[in-house]
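S.K.: Residues per chain, in single letters:
There are 4 protein chains.
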Amino acid sequence: MSLRVGVIGTGAIGRVHIERITNRLTGAAIVAVNDVSRSLAEKAVQDFGINAEVFTSGVDLIRSDSVDAVIVASWGPTHEEFVLAAIAAGKPVFCEKPLAVTAGGCKAIVEAEMAAGRKLVQVGFMRRYDLAYRQLKDVIVNNRIGAPLTLNCAHRAPAAPGFAGDMAITDSCVHEFDVLRWLLADDYVSAQVILPRKTSLCDEQLQDPHVIQLRTRSGVHISIESFVNAQYGYDIRCQVTGETGIAHLAQPISVTLQTAATEQSAIIVDWQERFVDAFDREFQCWINDTLKGEMNGPSAWDGYVVAVTADACVKAKYSGLIEAISLPETPAFYA
Amino acid sequence: MSLRVGVIGTGAIGRVHIERITNRLTGAAIVAVNDVSRSLAEKAVQDFGINAEVFTSGVDLIRSDSVDAVIVASWGPTHEEFVLAAIAAGKPVFCEKPLAVTAGGCKAIVEAEMAAGRKLVQVGFMRRYDLAYRQLKDVIVNNRIGAPLTLNCAHRAPAAPGFAGDMAITDSCVHEFDVLRWLLADDYVSAQVILPRKTSLCDEQLQDPHVIQLRTRSGVHISIESFVNAQYGYDIRCQVTGETGIAHLAQPISVTLQTAATEQSAIIVDWQERFVDAFDREFQCWINDTLKGEMNGPSAWDGYVVAVTADACVKAKYSGLIEAISLPETPAFYA
Amino acid sequence: MSLRVGVIGTGAIGRVHIERITNRLTGAAIVAVNDVSRSLAEKAVQDFGINAEVFTSGVDLIRSDSVDAVIVASWGPTHEEFVLAAIAAGKPVFCEKPLAVTAGGCKAIVEAEMAAGRKLVQVGFMRRYDLAYRQLKDVIVNNRIGAPLTLNCAHRAPAAPGFAGDMAITDSCVHEFDVLRWLLADDYVSAQVILPRKTSLCDEQLQDPHVIQLRTRSGVHISIESFVNAQYGYDIRCQVTGETGIAHLAQPISVTLQTAATEQSAIIVDWQERFVDAFDREFQCWINDTLKGEMNGPSAWDGYVVAVTADACVKAKYSGLIEAISLPETPAFYA
Amino acid sequence: MSLRVGVIGTGAIGRVHIERITNRLTGAAIVAVNDVSRSLAEKAVQDFGINAEVFTSGVDLIRSDSVDAVIVASWGPTHEEFVLAAIAAGKPVFCEKPLAVTAGGCKAIVEAEMAAGRKLVQVGFMRRYDLAYRQLKDVIVNNRIGAPLTLNCAHRAPAAPGFAGDMAITDSCVHEFDVLRWLLADDYVSAQVILPRKTSLCDEQLQDPHVIQLRTRSGVHISIESFVNAQYGYDIRCQVTGETGIAHLAQPISVTLQTAATEQSAIIVDWQERFVDAFDREFQCWINDTLKGEMNGPSAWDGYVVAVTADACVKAKYSGLIEAISLPETPAFYA
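Residue numbers (the UniProt record's numbering), protein chains in the order written: chain A, 1 to 335; chain B, 1 to 335; chain C, 1 to 335; chain D, 1 to 335.
Be aware that one or more of the hints could be misleading.
Here are the simulated DSSO-like cross-link-like pairs (lysine-lysine), alpha carbons at most 27 Å apart as the crow flies [claimed, not checked]:
{"id": "1", "chain 1": "C", "residue 1": "137", "chain 2": "A", "residue 2": "198"}
{"id": "2", "chain 1": "C", "residue 1": "91", "chain 2": "C", "residue 2": "292"}
{"id": "3", "chain 1": "B", "residue 1": "137", "chain 2": "B", "residue 2": "97"}
{"id": "4", "chain 1": "A", "residue 1": "137", "chain 2": "C", "residue 2": "198"}
{"id": "5", "chain 1": "D", "residue 1": "137", "chain 2": "D", "residue 2": "292"}
{"id": "6", "chain 1": "A", "residue 1": "315", "chain 2": "C", "residue 2": "317"}
{"id": "7", "chain 1": "A", "residue 1": "198", "chain 2": "A", "residue 2": "315"}
{"id": "8", "chain 1": "D", "residue 1": "317", "chain 2": "B", "residue 2": "317"}
{"id": "9", "chain 1": "B", "residue 1": "43", "chain 2": "B", "residue 2": "97"}
{"id": "10", "chain 1": "D", "residue 1": "137", "chain 2": "B", "residue 2": "198"}
{"id": "11", "chain 1": "D", "residue 1": "119", "chain 2": "D", "residue 2": "91"}
{"id": "12", "chain 1": "C", "residue 1": "315", "chain 2": "A", "residue 2": "317"}
{"id": "13", "chain 1": "B", "residue 1": "315", "chain 2": "B", "residue 2": "198"}
{"id": "14", "chain 1": "B", "residue 1": "317", "chain 2": "D", "residue 2": "315"}
{"id": "15", "chain 1": "D", "residue 1": "292", "chain 2": "C", "residue 2": "43"}
{"id": "16", "chain 1": "B", "residue 1": "315", "chain 2": "D", "residue 2": "317"}
{"id": "17", "chain 1": "A", "residue 1": "292", "chain 2": "B", "residue 2": "43"}
{"id": "18", "chain 1": "C", "residue 1": "119", "chain 2": "C", "residue 2": "292"}
Listed below are several chain C residues computed to face chain D (Cβ distance under 10 Å; list not exhaustive) [what the hints assert, rightly or not]:
{"id": "19", "residue": "24"}
{"id": "20", "residue": "136"}
{"id": "21", "residue": "139"}
{"id": "22", "residue": "247"}
{"id": "23", "residue": "249"}
{"id": "24", "residue": "265"}
No lab work stands behind these hints, which were simulated from the structure alone. Glycine included, each C-beta is placed from N, C-alpha and C at the ideal position.
Can you build the whole structure from these sequences, using the hints too?
M.R.: Given below as structure tokens:
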């Protein structure tokens with residue numbers, strides 16, 4: 001009794017999800033694909049040897065009787081339409097971030113889903129499924145370091161070739177916004193963005209690094225160093241200072257070498273390698289939950305909160321001020 | 001086109017393999033089970049909700065037309081019979097260690113398999129599938145530390161309640177014997193066993209720790225500290241000294257804490273937790289290979305070599321001498 | 001040809017300096033002591049078996065022909081007077097921080113010293129002599145991580161029994177202010193102080209932790225987590241993010257243990273243990289320099305800059321704003 | 001009341017001791033020097049600006065009324081004569097290892113010292129003064145890992161240009177022999193030497209590495225990997241497996257870098273850098289003890305035990321057997 005999944009968007013990220021569901025995970029089969037480039041969709045069918053129908057229209061795919069659930073991995077600006085269509089069709093939908101490219105779009109999805117009366121939407125914030133973040137959350141939940149007071153995080157990548165404008169905030173830090181809120185089970189109340197000395201090793205139009213600071217309802221101070229042209233590797237750090245101790249996010253395993261007058265271990269360079277296990281767990285959980293008629297992952301509401309937070313950070317970046325993050329109470333539907 | 005698997009032995013280890021194949025891996029289904037205790041077999045069917053026939057006889061299960069491949073996870077002394085039956089039936093068989101309880105039994109399997117003309121047997125040496133060991137092998141293969149000269153290994157467990165006699169060698173160090181030979185792509189030529197001061201924290205009949213020393217054909221000196229009542233945790237270490245550097249087996253990830261005047265990370269206590277990912281990969285590879293008609297894992301020959309090595313270590317333990325490990329040339333069939 | 005040193009202030013810190021100069025360092029002898037409590041001064045003479053005259057007046061000690069150089073380790077508010085007296089007497093003076101309790105007092109010292117035409121004053125910022133900070137500075141100077149962009153520092157102590165008001169800034173963070181400026185060879189231009197959720201494990205009048213943020217002329221963003229009731233230990237951290245890499249301040253050596261399901265190393269609890277070697281080197285350098293008629297340590301100007309920085313931080317703490325740090329150009333005398 | 005020290009041997013090691021006593025330590029002055037090369041002795045006087053008489057004869061220096069205590073840092077084969085002369089003159093003598101080049105010579109010194117009725121001889125085994133070894137000993141003494149059962153040590157150097165024959169044992173491992181015996185407060189009963197595959201990166205006449213194995217009276221098994229052409233650095237390791245845990249010798253502090261896809265810290269290359277603090281403490285203690293008429297460091301007996309142990313190891317290297325280490329009971333004089 002396999003879950004019949006349709007995938008909209010068969011570019012880079014869509015293909016890796018097709019591959020994992022087909023070759024490594026259990027309980028689901030890709031039965032339908034769609035892409036703005038029909039040939040790309042056909043190529044995915046062929047490359048992974050799947051028995052999937054190629055749809056010319058994403059909305060048709062969603063409505064097809066042969067599709068039980070949908071993965072949206074297309075271009076960001078198209079997400080809102082497809083997610084709303086899936087809700088309209090009453091079908092579970094996994095949407096890669098962003099849920100929508102505006103906070104308003106996210107809110108529309110939230111309202112549609114609440115009107116539909118059932119949680120159908122999961123957003124692709126895979127870090128919640130990363131073992132290292134889970135260990136860190138366990139430490140906090142089990143009170144091993146006391147109440148959290150400050151967080152010191154870093155999101156570093158070797159380079160960000162296509163980045164422009166505020167993508168460091170809207171495209172990569174959104175993962176931080178989601179996972180830290182989940183980690184603390186707390187909400188953000190304000191944001192400040194500091195623009196340190198710029199690295200000379202990137203497009204001179206671009207500000208890099210940013211230091212993004214958030215404050216939570218309970219007063220926790222969060223600092224995120226976003227540095228997407230850090231050269232040396234892809235490196236995700238999170239340190240929590242609590243009342244009685246400090247906890248640090250574990251790093252990927254690496255053989256340790258003593259060679260050439262140094263003791264050294266490897267830092268990964270490719271971000272996909274860092275979260276490959278998290279992606280696997282995320283999709284296996286989504287498949288299992290969906291087969292049981294449940295949705296326990298990051299919700300449309302979480303996607304909306306992240307969008308509002310990103311908006312406040314962008315505003316703070318240009319104002320230089322501490323900007324409020326104003327959100328309605330979490331609806332009971334999502335609590 | 002799922003691989004139809006029969007499982008012989010539905011005790012502890014059999015159950016975890018049924019669970020992983022059913023819930024986490026892809027490409028196979030458990031269609032038949034057998035155990036000396038029929039009720040235990042029935043319980044497995046029920047607990048994991050699988051659609052599997054319960055066989056009263058392991059050999060009947062092997063011969064059944066509804067079974068494509070067999071997993072042998074029964075009591076050690078029964079392995080030889082079941083593996084030979086699988087070979088006779090021309091069916092792929094995954095056999096938990098030991099392949100047979102005597103080197104002679106292993107050799108009989110090797111001969112039967114060669115006579116059958118096709119590699120059908122894989123032995124459950126899961127460490128080869130552990131990412132940390134794979135990283136270590138990559139370091140050696142890529143010549144990052146030069147030619148290996150010495151190995152310093154440790155196999156430590158918190159306690160070994162059921163251990164008696166030479167089980168430290170024959171039951172747990174066999175994993176070291178297999179994985180180190182694979183790591184070095186070399187063969188053993190002699191063994192010495194040193195009996196250090198005994199820990200007071202175990203059955204006083206038992207020698208613990210042992211220091212087991214092996215020499216390879218190319219002259220690499222291997223030392224393995226086997227300490228199965230080490231109290232503090234389950235801890236597998238492997239350090240390779242090469243001509244230009246040293247490499248250390250990576251350890252499982254753990255959040256790092258600063259608390260109570262210490263900086264600390266967790267050491268696991270349960271051995272299954274240490275190798276859970278390796279088991280998953282081992283079985284997924286076995287399923288994939290078997291569906292393709294291949295066998296690329298630890299072979300019957302590897303199981304035989306390990307048995308001969310264990311015999312030499314037991315002999316050396318009582319003689320106090322350096323004992324030769326005599327093996328015929330690896331048959332072309334297994335090279 | 002030993003340096004004849006007079007010590008003003010024979011309380012806790014004065015005593016450890018007498019002890020180190022007498023028992024561990026070379027080239028100097030304590031020949032005179034003074035304290036507001038004459039009996040305390042007499043006790044120091046007796047306890048360390050030194051051949052030193054006890055002076056009733058600090059100023060008399062400074063002026064005595066038997067004294068070549070002076071160490072001021074008395075109560076903070078007395079420092080300014082004694083340092084000015086030493087300058088007036090033309091004698092080298094080592095002054096524990098603070099140089100003076102107000103920026104104005106520091107400025108008066110700077111002006112007196114410049115008028116005297118010779119650098120006579122060294123301020124007790126011992127971190128510059130710490131090997132770990134020196135290694136970190138070497139990394140920056142040798143361009144091993146590219147130009148520094150952000151600094152992430154922590155100053156944590158298990159508890160701060162006597163702390164009140166803004167002492168976290170004025171009493172302990174002053175060491176950060178001095179050493180980071182030295183590390184970067186840069187000057188501060190603004191300060192911001194964030195007040196995170198307070199720990200419940202200290203006097204409820206006290207804000208703890210503080211997050212102190214400084215910006216340098218070249219745009220480096222510095223964040224200092226000052227947490228003086230951190231319970232778990234005395235822990236000084238400094239991480240520099242540069243254009244091509246990250247560098248972390250080394251921590252004191254500690255035996256690593258694997259025990260009780262953890263891998264652990266010790267964190268020191270007593271701050272004096274952390275910087276004992278730095279103190280030794282600081283005083284040995286001061287003795288050697290003084291014997292050569294030189295002064296190469298932290299200067300009166302450095303003491304003044306730190307005082308102005310601390311004032312700006314205190315102001316920022318209460319305003320909640322980013323406050324400017326306004327300093328005149330460094331006089332050529334001190335460059 | 002400075003200790004007036006005469007130094008015999010002003011080559012490399014003699015010079016660094018003159019330098020440290022003159023510039024860094026307290027309580028002693030170098031008042032006399034001697035070397036087989038008079039010009040080398042004169043050069044030391046000049047280079048370090050010391051007020052020392054140059055003696056043509058080492059024995060004359062020892063007997064001089066202006067000399068309170070002697071440091072022997074000359075060529076190894078001359079040590080025995082000078083130490084015996086110092087004992088005859090009733091003067092404290094610090095002798096760099098070896099105490100004598102034969103076990104018989106060491107024994108003669110032991111007997112002469114016992115006849116003199118007072119401990120006058122300290123041998124230059126500086127590792128006992130290394131903080132990392134002291135931490136490790138504290139762990140054992142405080143029973144933090146239970147009774148020691150096995151030790152796993154490594155002594156690695158980048159290269160050993162002048163090494164020939166068995167110098168790896170007789171010249172460098174002697175430090176291991178002394179410090180491990182001190183660490184365990186135990187005595188050796190047998191030795192075995194394993195000759196692993198040789199590195200290709202050294203003189204092909206030389207065996208390198210050696211694995212030297214010792215057994216103590218209480219049954220502790222010690223393994224020392226001596227690898228003097230290890231290329232990558234100077235690296236001293238010591239791991240103790242106890243009944244309840246493992247302890248590892250701390251390594252020198254080093255800034256940690258994240259750069260070029262690696263996390264790395266430095267390994268030192270120059271052995272003198274590794275033990276510079278230990279040398280300082282060793283000599284300061286010797287000065288302090290000598291001024292008090294005491295001798296608390298490694299004794300002539302310790303030097304003798306090391307010589308007997310080295311002899312057994314050399315014998316074992318060529319016999320391939322486990323060789324007994326036979327020593328008389330420790331005389332009460334040295335207990």
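S.K.: Decide, hint by hint, whether the structure agrees.
M.R.: Hint-by-hint comparison with the structure:
1. 137(C) to 198(A): holds, 21 Å
2. 91(C) to 292(C): holds, 13 Å
3. 137(B) to 97(B): OK: residue 137(B) and residue 97(B) at ~22 Å, within 27 Å.
4. 137(A) to 198(C): It holds: about 21 Å lies between the C-alpha atoms, which stays within 27 Å.
5. 137(D) to 292(D): holds, 26 Å
6. 315(A) to 317(C): holds, 24 Å
7. 198(A) to 315(A): With a Cα-Cα distance of about 19 Å, the restraint between residue 198(A) and residue 315(A) holds, given a limit of 27 Å.
8. 317(D) to 317(B): holds, 22 Å
9. 43(B) to 97(B): holds, 24 Å
10. 137(D) to 198(B): Cα-Cα ~21 Å, so holds.
11. 119(D) to 91(D): Holds, at roughly 10 Å.
12. 315(C) to 317(A): Status holds; Cα separation ~24 Å.
13. 315(B) to 198(B): Status holds; Cα separation ~19 Å.
14. 317(B) to 315(D): holds, 24 Å
15. 292(D) to 43(C): holds, 23 Å
16. 315(B) to 317(D): holds, 24 Å
17. 292(A) to 43(B): Given that 27 Å is the threshold and the Cα spacing comes to 23 Å, the pair holds.
18. 119(C) to 292(C): holds, 13 Å
19. 24: holds, 6 Å
20. 136: holds, 5 Å
21. 139: Where the cut-off is 10 Å and the nearest Cβ of chain D is about 5 Å from residue 139(C), the hint holds.
22. 247: holds, 5 Å
23. 249: Holds: closest Cβ of chain D sits about 7 Å from residue 249(C), inside 10 Å.
24. 265: Interface hint status for residue 265(C): holds (8 Å vs cutoff 10 Å).
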